[in-house]
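Input sequences plus hints: build the corresponding full structure.
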Amino acid sequence: VAITGTLFQQADADLVRLARAGDGAAFADLLRPEYRTALRLAGGLLQDADEAEDAVQEAAFTAWRRLGNLREGSTLRPWFLGIVANQCRSVRRDRWRSVTKGAPPEGEAPMSDAAESIDLRRALLRIGHDERLVLVLRYYLDLPFEEIASTLGISPKAARTRVERAVHRLKPIMQVQGAAV
Amino acid sequence: MDEKILFDRFHEALEMEPHSGAYERMRFNVTNHVARKPRLAFRMNWAAMAPRVAAVLVAAVLAIALGAAILTATHKFVGNAPAAPDPNFQAYQALTKADYNGFTAADNLSCNFIEDTTCEAAANAYIAADRQWYGDLIAFKTPPRLAALDGMIRAHLTDAIAYNKAIAPNQKSGNKKAFGIAMDGAFYERSWFDPAVFLIDGSYPRVAGSYRDALMLAKQSLVNCVNGTPGPADIACANIGFQCQGVDVQACITYAHTAAAQLQTFLIGLLQNPAPSTLAAKDRELQGELAQADADLLSLTDALQSGDATKAALAEDLFVLAVRAADVDIGVMVSP
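One line per chain: the protein sequences are A and B, in this order.
One rule links them: number in this note's numbering = place in the first sequence (from 1) + 13.
One rule links them: number in this note's numbering = place in the second sequence (from 1) + 45.
Certain hints may be false.
What the hints assert, rightly or not - Not close to chain A: a few residues of chain B, all C-beta gaps over 12 Å, as computed: (1) 67; (2) 132; (3) 134; (4) 188; (5) 236; (6) 239; (7) 246; (8) 251; (9) 258; (10) 262; (11) 322; (12) 351; (13) 354.
Said to hold, decoys possible - Mimicking DMTMM-like on lysine to aspartate or glutamate, the simulated pairs with C-alpha atoms at most 20 Å apart in a straight line are: (14) B/327 x B/362; (15) B/222 x B/353; (16) A/170 x B/161; (17) B/222 x A/155; (18) B/49 x A/155; (19) B/221 x B/161; (20) B/327 x B/195; (21) B/222 x B/347; (22) B/142 x B/246; (23) A/170 x B/347; (24) A/184 x B/47; (25) B/217 x B/181; (26) B/49 x A/159; (27) B/221 x A/177; (28) A/170 x B/372.
As the list claims (entries may be wrong) - Using C-beta positions, here's what the derived DEER-type ranges look like: (29) A/177 x B/220: 17 to 25 Å; (30) A/31 x B/183: 25 to 33 Å; (31) B/210 x A/49: 35 to 43 Å.
Derived from the structure by calculation, the hints contain no laboratory data.
We put the beta carbon where it would ideally sit given N, CA and C, even for glycine.
Next up, the structure:
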């Protein structure tokens with residue numbers, strides 16, 4: 014499977030050079046193709062649009078500071094997604110608040126799809142950050158194992174194993190919740 | 046579970062539309078070097094800041110200063126707020142800023158995953174910064190008003206050091222689970238300090254409009270916690286002592302972290318609104334109980350992570366006792 018991230022072409026290399034020299038607009042242009050994916054990742058991890066936007070914003074500043082660490086010829090997207098994921102890990106928030114945001118109005122019988130969605134969101138908040146991260150990368154961002162591996166800095170085989178383990182961990186939590194509803 | 050079903054369910058559950066203009070906001074902030082998080086407030090790079098942003102900030106500062114001057118001239122202070130700047134308090138603020146800047150400066154090495162080679166250096170940088178801060182606090186005469194918060198900061202610094210110390214050994218031994226726990230704990234502690242520092246600095250947004258409002262805010266949650274009537278939106282501490290046993294460790298740790306965040310908010314509300322002199326003694330007592338509850342939560346998370354069920358159960362019990370004591374005190378304080 015081809016990695017679909019932004020490979021540094023000449024135009025990107027120019028933007029990187031300008032960004033490293035302190036040009037914020039150049040850095041923002043560099044991030045533009047990855048911004049939506051980054052926002053979806055943060056949204057999937059945090060389940061809150063406001064917090065997701067803030068997290069990506071902070072990740073952008075962090076990425077800018079660390080732009081010197083990005084090797085020429087390497088892929089921007091996994092590198093930036095890794096920073097976004099790291100930023101989301103440090104966001105402290107009330108998980109119950111975001112879980113209940115998706116709940117139907119009181120007294121209204123939930124549609125089965127909506128109830129399943131709430132179960133899944135709640136279950137995701139009950140597992141660890143790393144497990145949630147691989148599941149969101151795989152099943153929400155639809156990334157191939159190769160790109161998940163690049164984001165996490167591991168081998169594709171290890172990425173596959175992590176995803177499988179996370180699914181294994183998620184399953185019983187969802188079953189318990191389903192029984193409790 | 047079938048892969049196709051997983052893809053469908055994740056998309057159904059998580060799909061959300063970003064706010065319009067999100068990218069443009071990010072672009073503006075990056076272009077103008079406007080950081081959203083207040084932690085950068087202590088190390089602003091004025092030279093790098095766009096002139097118009099600097100002008101807006103200067104105007105805002107002048108407006109706030111003018112407003113404060115008018116208020117000072119027309120209103121008497123309420124409660125035990127100092128009528129003049131307390132040099133000891135100002136020195137404590139300066140110390141906190143300096144140590145916090147040292148703490149944030151430690152964040153220049155990347156450590157996200159067990160494969161990252163810079164984890165040990167990153168953890169050591171944090172340990173050094175945490176120790177420096179802790180040592181400075183020990184050597185300083187804490188302003189009496191901040192005694193409870195100061196104790197909490199020391200406890201969380203100790204906890205942060207312990208988590209950071211666990212990162213490198215677990216990475217070397219390849220213990221992913223223990224490494225993940227240490228990382229989560231270290232990240233959690235890093236974020237805990239922000240509100241405390243901003244409160245000391247005076248830049249934390251107001252939690253309550255008055256001392257009584259701050260008490261009522263705390264009372265609502267504490268009563269529900271004591272009565273075990275969990276409201277899913279705002280009473281996370283109700284989960285502890287009633288639901289924590291028997292659920293998985295990670296969920297329980299999450300409850301504890303959420304409860305600790307709430308306790309911190311209650312304390313900030315009290316500190317932003319000095320108590321009337323008639324309630325000053327009771328206020329100190331209440332702050333002490335909130336700090337004790339926070340310490341019990343730290344014990345709880347430590348016990349959960351080390352798999353010590355007996356210690357965890359004891360910490361839960363102690364937490365509930367501290368919350369009950371705080372609830373009783375608030376009841377006395379708000380009674381007519």
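Structure versus earlier hints - violations, ascending order: 1, 5, 6, 14, 17, 23, 25, 28 and 30
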